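Q: Read off the chains here:
There are 2 protein chains.
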Amino acid sequence: MALTFRGAVEQDVERIVEMLADDLLGKERERYAQPLPASYLEAFQAIDADPNNELIVAVDGTGRIIGVQQVTFTPHLTHQGSWRATIEGVRTDSTVRGQGIGGQLIRYAIGRAKERGCRLIQLTTDKQRPDALRFYEGLGFTATHEGMKMKLEATEL
Amino acid sequence: MALTFRGAVEQDVERIVEMLADDLLGKERERYAQPLPASYLEAFQAIDADPNNELIVAVDGTGRIIGVQQVTFTPHLTHQGSWRATIEGVRTDSTVRGQGIGGQLIRYAIGRAKERGCRLIQLTTDKQRPDALRFYEGLGFTATHEGMKMKLEATEL
Numbered sequence: 001m002a003l004t005f006r007g008a009v010e011q012d013v014e015r016i017v018e019m020l021a022d023d024l025l026g027k028e029r030e031r032y033a034q035p036l037p038a039s040y041l042e043a044f045q046a047i048d049a050d051p052n053n054e055l056i057v058a059v060d061g062t063g064r065i066i067g068v069q070q071v072t073f074t075p076h077l078t079h080q081g082s083w084r085a086t087i088e089g090v091r092t093d094s095t096v097r098g099q100g101i102g103g104q105l106i107r108y109a110i111g112r113a114k115e116r117g118c119r120l121i122q123l124t125t126d127k128q129r130p131d132a133l134r135f136y137e138g139l140g141f142t143a144t145h146e147g148m149k150m151k152l153e154a155t156e157l
Numbered sequence: 001m002a003l004t005f006r007g008a009v010e011q012d013v014e015r016i017v018e019m020l021a022d023d024l025l026g027k028e029r030e031r032y033a034q035p036l037p038a039s040y041l042e043a044f045q046a047i048d049a050d051p052n053n054e055l056i057v058a059v060d061g062t063g064r065i066i067g068v069q070q071v072t073f074t075p076h077l078t079h080q081g082s083w084r085a086t087i088e089g090v091r092t093d094s095t096v097r098g099q100g101i102g103g104q105l106i107r108y109a110i111g112r113a114k115e116r117g118c119r120l121i122q123l124t125t126d127k128q129r130p131d132a133l134r135f136y137e138g139l140g141f142t143a144t145h146e147g148m149k150m151k152l153e154a155t156e157l
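Taken in order, these protein sequences are the chains called A and B. Position one of the first sequence corresponds to residue 1 (UniProt numbering), numbered consecutively onward. Position one of the second sequence corresponds to residue 1 (UniProt numbering), numbered consecutively onward.
Bound-form chain A, shown alone (with noise of 0.2 angstroms):
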């Protein structure tokens, strides 16, 4: 399927929740509801603000959003000082799921870390999702690390 790719704007911010909301883990996380909850739009409003975060939308031939992902750049001192780039937030329309929309975003991810100057690309996958760690062993990602989570109450301070 061909493809456009650019950045999300607010007005994209809706559809981008009802796919986010679209799925196993998300259905149970996210609150796909109108009016949308301010908070996804703050969210949104702190990405677009910062230069080094990229909401991406992957859009089809009838203008209809049917991917995003988010790619994070970071510079650090490790690997003798050098910028990496973090995939986050992946999603492809349920509907057209199977037809590469999943491998072309993340080739465009990888081809804006490239031209960012990146030396390292990486992501997190649920170990709930292991179709999803075998799609990134086929784009060339390699399972090296433990990805480790904690979730944060404000009470616990």
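Nothing false has been slipped in among the hints.
Where chains are identical, the list cannot tell them apart; a pair therefore holds if satisfied intra-copy or between any two copies.
Below, a list of computed lysine-lysine pairs in the DSBU-like style, where the Cα atoms sit at most 35 angstroms apart: (1) Lys-151 x Lys-127; (2) Lys-127 x Lys-114; (3) Lys-114 x Lys-27; (4) Lys-149 x Lys-27; (5) Lys-27 x Lys-127; (6) Lys-27 x Lys-151; (7) Lys-114 x Lys-151; (8) Lys-127 x Lys-149.
None of these hints come from the bench; they were simulated from the model. If you're wondering where the values come from, they're calculated on a predicted model, not measured in any experiment.
Chain B: place on chain A using the hints.
A: Just chain B now, with coordinates in the frame of chain A:
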């Protein structure tokens, strides 16, 4: 051991690189030499200029830097629009290991993440470091994800 935490300044970079290089994996990929490769200072300046990145040093009672870590704060649309903190490049001086300095560093990062309103704190740890996995589990992290990496070469474009 009583430690003080503060943001790193440019004069700290050489000492930080000394610690990064004094490590099983770091000795292969870092270059601690005089003069220090300019790429380290360039990376420091990029970190220092970015309000969403903090390079934090742990200082002992004599003023000596004995620990370092980088914390990156990133806004995301996922999880109903939220910020998350990522810890990277954690090192403690090899002569003072086993004295709880690493634990103090990570707890400081958790505190900063809460102050910045993060809903999640995360890191990846190399599967070649089983002790590190247990260390982070002891601090409350869970290895729910695979941490996938891909090295990039400009010539692959």
